[in-house]
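Please take these sequences and the hints and turn them into a complete structure.
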Amino acid sequence: MTKPSTFQDIILTLQQFWATQGCALLQPLDMEVGAGTFHPATFLRAIGPESWSAAYVQPSRRPTDGRYGENPNRVQHYYQFQVVLKPSPLDIQEKYLDSLRALGVDPLVDDIRFVEDNWESPTLGAWGLGWEVWQNGMEVSQFTYFQQVGGMPCKPVTGELTYGLERLAMFILGFDSMFDMPWCKSAQGVVTYGDVFHQNEVEMSAYNFEHANVEALFKQFDYCEAEAQKLVDLQLPLPAYEMVIKASHAFNLLDARHAISVTERQRYILRVRQLSRAVALAYYQAREALGFPLKHISHSVGRNIE
Amino acid sequence: MSNDLLFELGSEELPSGAVWPLVDELANRLTASLAKATLQHGKVYRYASPRRLAVLIHDVQATQASQQLSRRGPACAGTIDSQGQPSKALAGFAKSCGVTVAELTTIKTEKGEWWAYEAMMPGVNTTDLLPSMINEAIAGLSIAKPMRWGRGEVEFARPVHWAVLLFGEQVVTTEVLGVTTGRQSVGHRFHHPQAVDIVSPRAYEALLKDAFVVADFKMRRQMIIDQVQQLAKQHGFDAVMPEALIDEVTSIVEWPQALLADFEPAFLDVPAEALIAAMQIHQKCFALRDHEGKLVPHFITVANIQSSNPQQVISGNEKVMRARLSDAAFFYRQDKKQPLIDYAPATANVVFQARLGSLQDKTLRMQALMNYLVHPLALESAQALRVTELSKCDLMTGMVGEFPELQGLMGCYYARHDGEDEAVAQALNEQYLPRFAADALPQSNLGIALSLVDRLDTLVGNFAIGQKPTGMKDPFKLRRHALAVVRLLIGVPAAMNLSTLIDETLHVYGSSLKQTGNEVSQLQPFILERMQSFYQGQGVAAELVQAVRARQDDWLFDIDKRINALLEFIKLPEAVSLSAACKRVNNILQQAGMPTENQTVEQDLLEEPAEKILFNQLQAVEEQVASRYSAGDYGMILSQLASLRDPVDAFFDHVMVMADNQAIKNNRLRLLARLQRLLQGVADISLLQLSS
Chain A
1 MTKPSTFQDI
11 ILTLQQFWAT
21 QGCALLQPLD
31 MEVGAGTFHP
41 ATFLRAIGPE
51 SWSAAYVQPS
61 RRPTDGRYGE
71 NPNRVQHYYQ
81 FQVVLKPSPL
91 DIQEKYLDSL
101 RALGVDPLVD
111 DIRFVEDNWE
121 SPTLGAWGLG
131 WEVWQNGMEV
141 SQFTYFQQVG
151 GMPCKPVTGE
161 LTYGLERLAM
171 FILGFDSMFD
181 MPWCKSAQGV
191 VTYGDVFHQN
201 EVEMSAYNFE
211 HANVEALFKQ
221 FDYCEAEAQK
231 LVDLQLPLPA
241 YEMVIKASHA
251 FNLLDARHAI
261 SVTERQRYIL
271 RVRQLSRAVA
281 LAYYQAREAL
291 GFPLKHISHS
301 VGRNIE
Chain B
307 MSNDLLFELG
317 SEELPSGAVW
327 PLVDELANRL
337 TASLAKATLQ
347 HGKVYRYASP
357 RRLAVLIHDV
367 QATQASQQLS
377 RRGPACAGTI
387 DSQGQPSKAL
397 AGFAKSCGVT
407 VAELTTIKTE
417 KGEWWAYEAM
427 MPGVNTTDLL
437 PSMINEAIAG
447 LSIAKPMRWG
457 RGEVEFARPV
467 HWAVLLFGEQ
477 VVTTEVLGVT
487 TGRQSVGHRF
497 HHPQAVDIVS
507 PRAYEALLKD
517 AFVVADFKMR
527 RQMIIDQVQQ
537 LAKQHGFDAV
547 MPEALIDEVT
557 SIVEWPQALL
567 ADFEPAFLDV
577 PAEALIAAMQ
587 IHQKCFALRD
597 HEGKLVPHFI
607 TVANIQSSNP
617 QQVISGNEKV
627 MRARLSDAAF
637 FYRQDKKQPL
647 IDYAPATANV
657 VFQARLGSLQ
667 DKTLRMQALM
677 NYLVHPLALE
687 SAQALRVTEL
697 SKCDLMTGMV
707 GEFPELQGLM
717 GCYYARHDGE
727 DEAVAQALNE
737 QYLPRFAADA
747 LPQSNLGIAL
757 SLVDRLDTLV
767 GNFAIGQKPT
777 GMKDPFKLRR
787 HALAVVRLLI
797 GVPAAMNLST
807 LIDETLHVYG
817 SSLKQTGNEV
827 SQLQPFILER
837 MQSFYQGQGV
847 AAELVQAVRA
857 RQDDWLFDID
867 KRINALLEFI
877 KLPEAVSLSA
887 ACKRVNNILQ
897 QAGMPTENQT
907 VEQDLLEEPA
917 EKILFNQLQA
927 VEEQVASRYS
937 AGDYGMILSQ
947 LASLRDPVDA
957 FFDHVMVMAD
967 NQAIKNNRLR
977 LLARLQRLLQ
987 GVADISLLQL
997 SS
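Line by line, the protein sequences are chains A and B. Under my numbering, the first residue of the first sequence is numbered 1, with each subsequent residue one higher. Under my numbering, the first residue of the second sequence is numbered 307, with each subsequent residue one higher.
Hints are computed from structural coordinates only; laboratory data are not their basis. Quantities reported herein were computed from a predicted structural model and do not represent experimental measurements. Idealized CB from N, CA, C, for every residue including glycine. Warning: the hint list may mix true and false statements.
[What the hints assert, rightly or not] Listed next, the in silico DSSO-like pairs over lysine-lysine satisfying Cα-Cα at most 30 Å (straight line):
#1 A/Lys95 <-> B/Lys779
#2 A/Lys155 <-> B/Lys451
#3 B/Lys779 <-> B/Lys820
#4 B/Lys820 <-> B/Lys590
#5 B/Lys590 <-> B/Lys451
#6 B/Lys590 <-> A/Lys95
#7 A/Lys295 <-> B/Lys451
[As the list claims (entries may be wrong)] With beta-carbon atoms standing in for the labels, derived distance ranges:
#8 A/Leu294 <-> B/Pro651: 40 to 46 Å
#9 A/Asp180 <-> B/Gln536: 33 to 39 Å
#10 A/Val190 <-> B/Gln536: 40 to 46 Å
#11 A/Asp91 <-> B/Pro327: 52 to 58 Å
Okay, structure coming up:
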């Protein structure tokens, strides 16, 4: 494959690379989440003894990171390319570096570094150890060995790779502002990332910081919390999990509106975490009831299946 | 016979803060277990990089020395019966030694004859001991956050990939953290991904250097310092190089290459400290200053490769730096959109500490306490109020949210921007000084006062709710605050007693404080303990501080003056015998058991010339120093004492205190009591341990 020249080339290259490595290529979760980790293909699949390898793009929203489209690389909506490998193979770092090579990165030209960065999601009751990967000082990926999810130890351990697609693309394509990068090139000309998303950044920043209805969001949070609890009791972990995701996004918006004090903040995080734990346990039990169907799927990552 | 020992553990990139501590601990544990196994060895070398921890030990004894084993069994008497059969006890002893009774010997002592087992135990080969030594050393390492990987149950700081274990040129094969030891190491991740065969322990460093790895941590650290300084110098700059940053950079590279990069000069409008924080904390880069100390729009990054296109690495780093600095600039702009004081209401939502209320509660308490300090510290009342109101506002700003270590400083910048009094702005910057033991103190009285009330509030509050530090546990950094209080109060001449300040702080807390016990009473001793160690850190002998504390234990400025005067006094040739005389006087008075309140000496009863001379001199000195106490002129007082040495020595040489005549005896005791009061007026010099 030739060196990517557009944002979408990069996605295509990564998909191709990880498909070759035996990952199931999934599609984004159709809900507002703060990171690819929230996708059930990561959070829930990390639970229990089953093997699992998947890759997907996940649009991610972090309301507090909005800068009204004025910062060339901070936005409230961006894309992550997420890869999960369970159990984590011993050569996972090499595989990751191969994916960078597939994107045209030469680690003898660019300074690639694995810099300690431990991940913890208080709301998901999850934590892991790993790195942020630097390319010439820019964090282009997160690399995490999950140790615990939903309060349960991860056995086996899931290795999670998260590429920050915009940052990575800015580097590979050589742009100083993400808004200037080409999304695609067509006979009619170049469509830039800004053409696709700049207006969205301006309007969504205004919404997140200034107009999101605080009162309604608090109600929404309460509703989702109650609903999630009800669904856990009904042993329906997947819809319950969707409610957790919604509650979590409502919380993020409230945070952007500075509607939650530091004390309350802890309390809200605790509430979401309790739900996550309940969902994780219910999911484990549901998979167990099914006999952990993917437990004996041989781990195909690393074998060229073409 | 001895051989060199090399152990290397190869892993994925270790947390930067763990690299040196882990190798240091590993080396210490290994040498300790060699010592325990009575194996002699030579020099110990520690190698550490992000991907490896290695210990090289020269000339390790190859075999333990043989040991004479001697075990005593039961007493001989009655252990062999008439049939020649051994008793149960004797048979059991032989069995426990793994021999027959015939192989035992006997030993005779004064108390009788005993069965014994004596044998020569051959020493074990070091290579047989190494596997368990290595594994025990690793198992005992303190790893802050251990992890598992894959399907394994093994835990370490990061996944382990290889281990080298050589004794001389021989591989010692064992299992370490799930891998089998061998002689294959690995070079630099990108420059030399192939295996490196380590032919012998001493070849390790050179072989790795050929594979683009500077394994020696300290050497690599020095390389980084040299490269950065040289590069800065080439361009006429000085690099800002805090130790912690150098350590961190050393821990994330194996093949350091310093590169100079630029940022847009427009960012220099943002406070320099914020820019430096952004460079250091987020990018682990070195900021640069010109010869006048002004920040310049360049920085140095240390890459881990010798790039075939360094310009690409540089421009990449510049891009990131631009984004980082844009963020700092964004916060700076955004924060200034409202005056600093407008952030005050938000402090009501921030918890200061669980049982001590919000940040706003704290601010209000600080205000009340500040009020108390207005007079003694000669503060302007309005400024004192204002600076306290503003003190915690910057904690609510975006910039301090992003860079917490800029607290205080950002308050200063924003206050200045708002047109607050310069004194107020400056005090805001000074409020967290001193941040650590050797840090600078606030220069202004307003800054001193603010720093003081903040810490007193924290100390009193925490002691009241039972959070007094115990052992290593000091989550609220109370020892540091106490030391800061000591250093601050030493510099405040106003007559302010520590106990009064504590009472006043407690009073300000009022009924809002639910005290758990009586721990507040331990606060003053706690602070004075810090004072004691502060002076010891300055090289002042403990008993010297104790001598002063016997006279003054509450007003720190006065304590400091007395200590300084006493330090001068002990340099005098008279000090030794005066201190000794003081001890003697104490003993005599104590033994006489006479009340010392009455110090009226009746001149008529003085018989001996020596006591008359002493009394005259005593009166003369008393007269000279009487007026000096109120001025705290302790140096002068102590230097006057010197003139008493000869009369005191002569007195003890020629005068018998315990005279038969009761009246004369009592008169002499009263003379000594008066001498004692004079000698110990500044400090109890009898406590000094001086040698001539």
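Hint check:
1. A/Lys95 <-> B/Lys779: The given pair, whose Cα atoms are some 43 Å apart, is violated under the 30 Å limit.
2. A/Lys155 <-> B/Lys451: holds, 17 Å
3. B/Lys779 <-> B/Lys820: holds, 22 Å
4. B/Lys820 <-> B/Lys590: Answer violated: B/Lys820 to B/Lys590 is near 45 Å, above 30 Å.
5. B/Lys590 <-> B/Lys451: Given that 30 Å is the threshold and the Cα spacing comes to 22 Å, the pair holds.
6. B/Lys590 <-> A/Lys95: holds, 27 Å
7. A/Lys295 <-> B/Lys451: Holds - the C-alpha atoms of B/Lys451 and A/Lys295 are around 28 Å apart, at most 30 Å.
8. A/Leu294 <-> B/Pro651: 40 to 46 Å: At roughly 54 Å between Cβ atoms, B/Pro651 and A/Leu294 fall outside 40 to 46 Å, so the hint is violated.
9. A/Asp180 <-> B/Gln536: 33 to 39 Å: holds, 37 Å
10. A/Val190 <-> B/Gln536: 40 to 46 Å: At roughly 44 Å between Cβ atoms, B/Gln536 and A/Val190 fall inside 40 to 46 Å, so the hint holds.
11. A/Asp91 <-> B/Pro327: 52 to 58 Å: violated, 28 Å
Checked against the numbered hints given earlier, the structure breaks hints 1, 4, 8 and 11 and satisfies all the rest.
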